[in-house]
Amino acid sequence: MSYHIVVCAGIVPDPLQTLEPVMGATGPGLKNELMLPAILDPWAGHALFEAAHLAKQQPDCKVWLVSLAPKAKLQQVMMKVAQKVPFELVAIDGSASGFTDASAAASALADAIVAIPGLDRSRLLVFGGWESASRAAGATLQMVGERLGITDQFQGVDAIAVGPDGTFEILERIEGGRHQVSLCAGPPAVLGWATGRLAEPPNNPQLGMTNMRTLMPALQKAKRAAIAAAGAFANVAVPSQRRDTRVVRDLSPDAIALEIVEWIRQ
Amino acid sequence: MDPAVSILSLAHLEPDGSLGKPALEALRVARQIADSLGAPLVAGLVGADVEAAARQIGSCGAARVLAVSGTEFAQSRYVSDAAAAEAICRAASALVVVAAGTSRWMRVLAGVAERLGGRVDTHVTRVGVVNGSVSVARWYYRQRIEGTVSRAERPWIIAVEPGAHEAWRGAAASVPVEPVPVSLPALRTRVTGVRSPASGEQTIRPDAELLLVAGAGWTKKQPDLRTHVQEAEGLILGFLHATQASLGGSKSLVDLSGEGQDVLPFMTHLNQIGQTGASPRHRKGLATCCHGEEPHVVGWRFIAERRAINLNPNCGWAQGKTDVLYVADAFEVMKKVNQRLA
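The listed protein sequences correspond, in order, to chains A and B. For any residue, its number in my numbering is found by taking its place in the first sequence, counting from 1, and adding 477. For any residue, its number in my numbering is found by taking its place in the second sequence, counting from 1, and adding 4.
Isolated chain B (complex conformation):
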C-alpha cells in the first residue's frame, strides 16, 4: 500500500462540539479497513471548534488528524460542508472515505464524490475486506434486495448506516490537529434553526429500544360502529410516555393525516415507515392495527424482535413476519398494557 494514500474517517461535529455515535461507528469501520489494507488511517473533522472532538478520538491511532473549522462550518449546509469535505479528502489523499450516513453528510457526500471524480455508496450496512479488496453491502429497492458490491474507482466514499456497526471506543488523548484551509464563496444559504413537530409531541426517537407501529385501524369504526380517535390518541401517547418508544405509522395512516382528516394529530409523514418511509433500527417492534405489506416487510427490515396485535388471525402480512401475532382488539390490549406500565 502506497503510504501517501490513506483511509479517511470523515466526521462532522454535533452541536455540543463532540462526535456523535454515528461518527464513532464510521471511525471504527475506517479503522478496520485501514488495518486490513495496511494503510494509514486519517481522521477528518468538520465543525466550529474541533479541539474537543480531536481529543475524544485521540487514541484511535490516526496517522493524521485534519480539520476544517470555523463558525461557517458549524452549520449543516451544502456549500460549506461540501467544500470542507472536499478539502479534507484531497489533503488526506484518501482512497476510501468512510462517513456516517447522518442527514448532514447525506446532503453532501454524493456531490463531494462527483467533485473528486470518485464514487459513493450510501446506506451501507456491512463493509468487508477480502484479499485486499473492499466490498460493501447495501439494500436496493427500499430494503427488498441486498447486494454486495466493490468498486475500482477511487476515491470511494462509503456512507455507513447509523446503528449498523459498533461504535469505536477508546480513551481521550491530546493529538496535533492539522488545519485544512477552505475558501468559501459568498454564502447564499443560512440555517435559521430547527423546528420540532407542530404538536410539540416528540414521537420519533431513533435511539429507542422499542418501535410502536400504528396502523390505520386505530382510526376505523370500532364494534360500536363509531370511531374512537381521541381514545386511540390517549392510548398511543400513554404507551410512548411510559416506554419512551419511538412511533412509526403505516402509509395509510399518515396519508389520512396529510389529507386533513380528524385523525391522530401527532402522526405526520415523518413517522411513516415502509416503502416510502423510513426503515428504522430498533431492537424490538410492536405493530398495532397494521394490515399491509409496508409496515411488516419493508419497515421492519431492521427490527430484531417483532410482535403484532391484529384482529385478523390470517393476516398474511403479519404471519411469517412477526415472532408473535396476538389476535385481539388493540384498544383493549393497549389499555391493559398502559395500566400495567403505569
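Excised from the complex, chain A in its bound form:
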C-alpha cells in the first residue's frame, strides 16, 4: 500500500524561552515574537517522524510538510528539521501565533494541501500534532480534515500498524493512561499524533542538503495568508505563580516522611 502523507506542522517558541503576552491592534501576541528562537511544534514533529517512518516501510510513498508560519522564521527552523527526515515543504507565509483562529489556519492549510501537484487524495493521510504548543486547542487538524472531506479521524495517536490487507490499526490516547484501538479500512484519514513511539532521528547532513534543494524554492513560493485572531480578547496574562517556598534542610528522612504522610492524610 502506498501513501501520500501530508504533515501539517507549525512552529512555536522554544519552550525554554520566557513568554510575555502583549496586546496589539489586531489582538494579542508575544513580546518580541519574531526575535524568539523557534522550533517545530513538538507533537507535529513526532507526526513528521512517524510519517517518514511509515513512508520508509511502504513502497511508493511521499511525505509533504505543510507549514503556516512567518517565512523567515520557518526558514530558520527548516535548517534543523531538514536534516532529520526526507520531505517536500509547502510553505504558507502567515502568523504562527497561538492567539489566531484555528478555523482560519485550517482554511489556509486545506487550500495548500488541495493545491499540491500530483497529490492523490484517495491515498492521502493527513498527519499533524493532536495539539500544538501554541494554541493548544486540538482543533486545526479536525477542521482541515472536514475541509478535505475526510471523516475517518483519530486524535492522540501513539501508533499505527498497517495490516497485510491495507487496513490500519490505530492506537489513540483516552482517559486513564489507556489506548483506544480502532481498525480503519485505509486512506484517506486524519491522524493527530501524540508522542508516538519513535525517538527523534539523528541529524543527517547529506539528507539536509537534499531537502534544502526543494526547501528554498518552496519558501520563495510561499503564499501569504491572513489569519485572524480567535475572537475578541479581553485580556491575556501570565499569572503570578510565585509561591513562598518553605525550604526544609535539617530534618532526618524519617521526620520528613512523617510530615509528608501527615500531609497526604489531611
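Careful: at least some of the hints might be erroneous.
What the hints assert, rightly or not - To spell it out: a stretch of chain A is covered by chain B in this simulated footprint if at least three of its residues, at any positions, have a beta carbon under 8 angstroms from a beta carbon of chain B; those stretches are:
1. 487-498
2. 540-553
3. 642-650
4. 691-698
Unchecked claim - Partial selection, computed: residues in chain A whose CB lies under 8 angstroms from chain B:
5. ALA502
6. TRP520
7. TRP740
If you're looking for bench data, these hints aren't it; they were derived computationally from the structure. These numbers come from a predicted model, not from an experiment. In this text, a Cβ means the ideal position worked out from N, Cα and C, and glycines have one as well.
Following the hints, complete the assembly by docking chain B onto the known chain A.
Quick look at chain B alone, frame taken from chain A:
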C-alpha cells in the same frame, strides 16, 4: 433572547449508559449560561441507549432532551460522533454548545464547529456571562498564558476542561426524549477495544487526590556510584499502591524509557507532564528527583498543594513553585514514607 434558539449541553454516555462527571460539569456550565442569558436549556445525549442518562438529568430544567441513539453510537468514533453532534446542534438551534473536554468529544467538536460554520474553544477553565455576553478563559502556549475571549460567531462550541467546574447535582426524573435521526455513511472505522499499559500496572488515575511526579534522578547514579532502578521501581510502585496516587513523569525520564534503556518499565509517554505532556488536575502533588522547568511550572499548573523532595536546596525550578521543598535523598525519604503508609 429568541426562544427558538437555545443553549445546548451536549453529552455522550459512558460505557455503562450513565453520564460521567465531566458531562455533569458541562451541564452545570450550560445551565448557568442559559439562566444568565434567559435562554432555554436543551440537553443532547449520544449513546447506545439514552433512557437511563435522560432520567439521570431529568430535573436539570432542560426545555428539551434530544438524543441520537443506537448501537452505532455506542463507539467513540469520529464519523458517527460528529454526525450525531451535528444533528443535535442543528435540531436544538443552539447558539452556544457546552460539552465536556473528554477524549471522545475532543476528537470531534472542532470538526462539528466547522460543519456548522461556527467556532470552537477547547480546554476552557472558566465561563462567564457579563451584560449578556459570554466569555471563556483558557490557556495558551501550554498553560503559560491565560486569556479571556468572547466570540461573535455562532454556534460557539465550548469544551470545558474536566475537573475545572462543579458537577450538576439533582434528582433523577422521567423526561420525554426526542429522537434525532442521523443517517451515517458506510462505516470504515471500527473500535476493537481498549488497551491498558503493557506492564499491566495502572499508574494514571485522573481522579486521584495526589499526583506523584518522578524525575530522571531516580535512574541516576547514587552515592555508591551505581544506579538503583529496581529499588526506585519498588519505592514508586509501593507508594502508588499505598496512596492510590496518580503517577506523572518528567520528559527526561519518559524519554529514557522510550529509548529502550533499562529504566522504570511502567513509565511511558502517557505519564509525561509538562510542556509536551499533560497538566493534570489533582489537589496535591509531590515531586521527587525533578530538576527542570516542566514538572514544576507547566505540569503543576493545576496542582493546588505542592511539595518536592530534591537534593539541591537551590533548585530554581522548585523554589517559588512548591509550598515545601525538602532537601533530602528521595530514596531514603520514600522508603520511610512507604514504611509509615504500610
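Comparing the hints with the structure gives:
Figure legend: the region 487-498 of chain A, annotated as covered by chain B; annotation consistent (6 residues with Cβ-Cβ distances under 8 angstroms, at least 3 required). Three residues within the 8 angstroms Cβ limit are the bar, and the region 540-553 of chain A against chain B gives 0, so the coverage statement is violated. Here's how the region 642-650 of chain A fares: 4 of its residues keep a CB closer than 8 angstroms to some CB of chain B, so the rule of at least three is met and the hint holds. Evaluation of the coverage hint for the region 691-698 of chain A: breached, as 0 residues show C-beta separations to chain B shorter than 8 angstroms, against a requirement of three.
Checking ALA502 (chain A) against chain B: minimum C-beta separation of about 17 angstroms lies over 8 angstroms; hint violated. The beta carbon of TRP520 (chain A) is positioned within 8 angstroms of a beta carbon in chain B (closest approach about 7 angstroms), and the interface hint is therefore held. At about 7 angstroms, the closest approach between the beta carbon of TRP740 (chain A) and any beta carbon in chain B falls short of 8 angstroms, and the interface hint on this residue holds.
Hints 2, 4, 5, counting from the list given before, are not met by this structure.
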